[in-house]
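Heads up: the sequence lines are chains W and A, in that order. This note's numbering numbers the first residue of the first sequence as 1 and each following residue consecutively. This note's numbering numbers the first residue of the second sequence as 1001 and each following residue consecutively.
Quick caveat, the hints were computed from the structure, so don't treat them as lab data. Where is the CB? At the ideal position from N, CA and C, for every residue including glycine. Treat the hints with care, since some could be wrong.
No more than 30 angstroms apart at the CA atoms, straight line, and that leaves these computed lysine-lysine pairs for DSBU-like [said to hold, decoys possible]:
1) A/1111 / W/8
2) A/1210 / W/190
3) W/129 / W/69
4) A/1109 / A/1210
5) A/1109 / W/8
6) A/1210 / W/8
7) A/1210 / A/1111
Ranges between beta-carbon positions, derived for each pair [stated by the list, open to error]:
8) A/1217 / W/161: 27 to 35 angstroms
9) A/1043 / W/99: 50 to 58 angstroms
10) W/165 / A/1194: 43 to 51 angstroms
11) A/1191 / W/169: 30 to 38 angstroms
12) W/190 / A/1191: 35 to 43 angstroms
Each chain, written out:
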Amino acid sequence: MDQVGQRKIDGMWLTVVGIAVLFFLILPTLIVIPISFSGASFLEFPPKSFSLRWYEAYFSSPEWMSGTKTSLIAAVITTIIATPLGTLCAYGLHCSTPRVRNTLQILVIMPIVVPVILIAVGVFSLYAKLGLNYTLTGIIIAHTALALPFVIVTVMSGLQNYDFDQELAARSMGASRAVALWTITVPQVKFSIQTGAFLAFITSLDEVVISMMVSGGDNATITRRMFNSMRDHLDPTIAAISTCLIVVSVTALIGVQLIGRRKNIDK
Amino acid sequence: MSVTDIKDITQNPRNVKKLKAEERRESLTFLGLSMPAVLGILIIVFLPIFWLSSLSFYDAKGALSTENYARIFESALYKRTFVVTSQISITVTVICVLLGYPLCYWLTKMKDRTASILMIFVLVPFWTSILVRTYAWLVLLQRKGIINSSLVSLGIIDEPIQLAHNLTGSIIGMVHIMLPFLILPLYATMRGIDTDLVRAALGLGSTPRKAFWHVFFPMSLPGLFAGIVLVFILSLGFFVTPALLGGGRVQMLAQRIESTITIYSNWGAASALGVVLLLLAFVMIWLMNRVFGLDKLFMR
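Modelling step: build the complete structure from the supplied sequences, incorporating the hints.
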């Protein structure tokens, strides 16, 4: 076979595989949306009739609503705590000597790759001593520890692209370090901080394993309730909840992207 | 002020001392800024894990022993768990490479704009809850699900086969969850490769295949390696998807740890399993840090 023909076949093969893999990734993710509007009283796909009955089932159930409330409160407070703490940590590490930075950086990134089940079991035993199991405070503390690495990593990568001399200039003209940080540096890495906040929010909202161990009773998160329900049977209400979760994630993601784009246009 | 003037000032013994003190104060301030987050992570994530690890060296009566580790190597149940866990993790990693590498290569050949639009197909699943995606697979793979019914109507199989609540289901679901973790570092590395080098190889008379294997592929290896290690670590400790899609028939390490604690309350045995999992993860993290740099993995 000549080279051009061979190249064409290689290219076609690549395109087919590429498109197939993209569909493999996206279709199962979005399939819960049509299911959630199904009119049947049992789970069917593709749905033959449409209704809002599963949304009704979701919004009228005290258990699902209590789970949603717990998860949303936990996610919002986790974001509010983790974002400033993580940003300060990233700033501190960025300005530290390389030795301190490299050591602590690995330490703060590690929770992302340590198996969550180990963190969950550990937190569970720690909370057993402190009486924090099944409390909202407990969930928030654990989720904050889990979300911090994401904030730190994104803000540090933002700081790497930021020209630090700007802050030095501000300080040489008499601004204190705190003022220089707040008025010069923070606005310049705002996009990274917002991305970090988004990651913190999603980390907390979607977290399953720790919630499964340490949340419960009135303070069970929505993910814990979903997990338990999915162990028993396939409830179409989960499709309605899943659709809401996707809408929340995608809205937050688009929000962050839009703010980022506006910043670029301003430049 | 000329350069020599500045030198005079900064090297004056009195000033040297003051500058040193100032430097120390500065670095302490920075450390102080980092401390709340660092301490939080230490206390919540690492302290309990290390305390738990120490439990694994005590037997039920509280005496020092290696009983818990001996059991891991003797008990057929635990042996089976380790075998299943490594089998699944390796299979998932291999499938992710086979699917992810061609996709990334294909995306690299596109214009930046098109590629970043197509990357949405990778990022939306990545940011969608694991539970949501596992639920979708439970629906798709069930006995009367769309995959079974289309396979039957295509005449590939005669009657519905068991796809969920077993090993097959767990692997399909896990590949779907893990694939973005392979794609993101690999794609970032491939985007950074200077394609002029490939063109140079072609210009010098190489065939496209040779140019790919001798020029492009070796340069994509760091990203591929980072993706493989990431997928493998996450698979080793993965809980949610195998627990739901395995339907109790697939027992991976994480599930065994959970059930040993919540059902049998055997903390010693569970923590020994945990230590093994932790060691495996640490070795992987160390390897990845050597080859790729842990920090670079998440920075784009």
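| query | Are the Cα positions of residue 1210 of chain A and residue 190 of chain W separated by 30 angstroms at most? | reply | Measuring from Cα to Cα gives roughly 45 angstroms; hence the hint is violated.
| Consistency of beta-carbon spacing, residue 99 of chain W to residue 1043 of chain A, with hint 50 to 58 angstroms | violated (23 angstroms)
| query | Do the beta carbons of residue 165 of chain W and residue 1194 of chain A sit within 43 to 51 angstroms of each other? | reply | Given a distance of about 30 angstroms, which is not inside 43 to 51 angstroms, the answer is violated.
| Regarding the pair residue 1210 of chain A and residue 1111 of chain A, is the alpha-carbon distance no greater than 30 angstroms? | Answer holds: residue 1210 of chain A to residue 1111 of chain A is near 23 angstroms, not above 30 angstroms.
| said: Does the beta carbon distance between residue 1191 of chain A and residue 169 of chain W stay inside 30 to 38 angstroms, or does it fall outside? | reply: holds (34 angstroms)
| Between residue 1111 of chain A and residue 8 of chain W, is the straight-line Cα distance small enough, at 30 angstroms or below? | With a Cα-Cα distance of about 19 angstroms, the restraint between residue 1111 of chain A and residue 8 of chain W holds, given a limit of 30 angstroms.
| task | Go ahead and decide if the range 35 to 43 angstroms is satisfied by the Cβ distance of residue 190 of chain W to residue 1191 of chain A. | result | With a Cβ separation near 25 angstroms, residue 190 of chain W and residue 1191 of chain A fall outside 35 to 43 angstroms, so the hint is violated.
| Satisfaction of the hinted span 27 to 35 angstroms by the C-beta atoms belonging to residue 1217 of chain A and residue 161 of chain W | holds (30 angstroms)
| When you check the alpha-carbon spacing of residue 1109 of chain A and residue 1210 of chain A, does it fall within 30 angstroms? | Distance ~17 angstroms between residue 1109 of chain A and residue 1210 of chain A Cα, so the pair holds.
| Are residue 1109 of chain A and residue 8 of chain W close enough, with their CA atoms no more than 30 angstroms apart? | holds (14 angstroms)
| said: Please verify whether residue 129 of chain W and residue 69 of chain W have alpha carbons no more than 30 angstroms apart. | reply: holds (27 angstroms)
| message | Would the hint linking residue 1210 of chain A and residue 8 of chain W be met if the CA-CA limit is 30 angstroms? | response | holds (16 angstroms)
When each numbered hint is compared with the structure, violations occur for hints 2, 9, 10 and 12.
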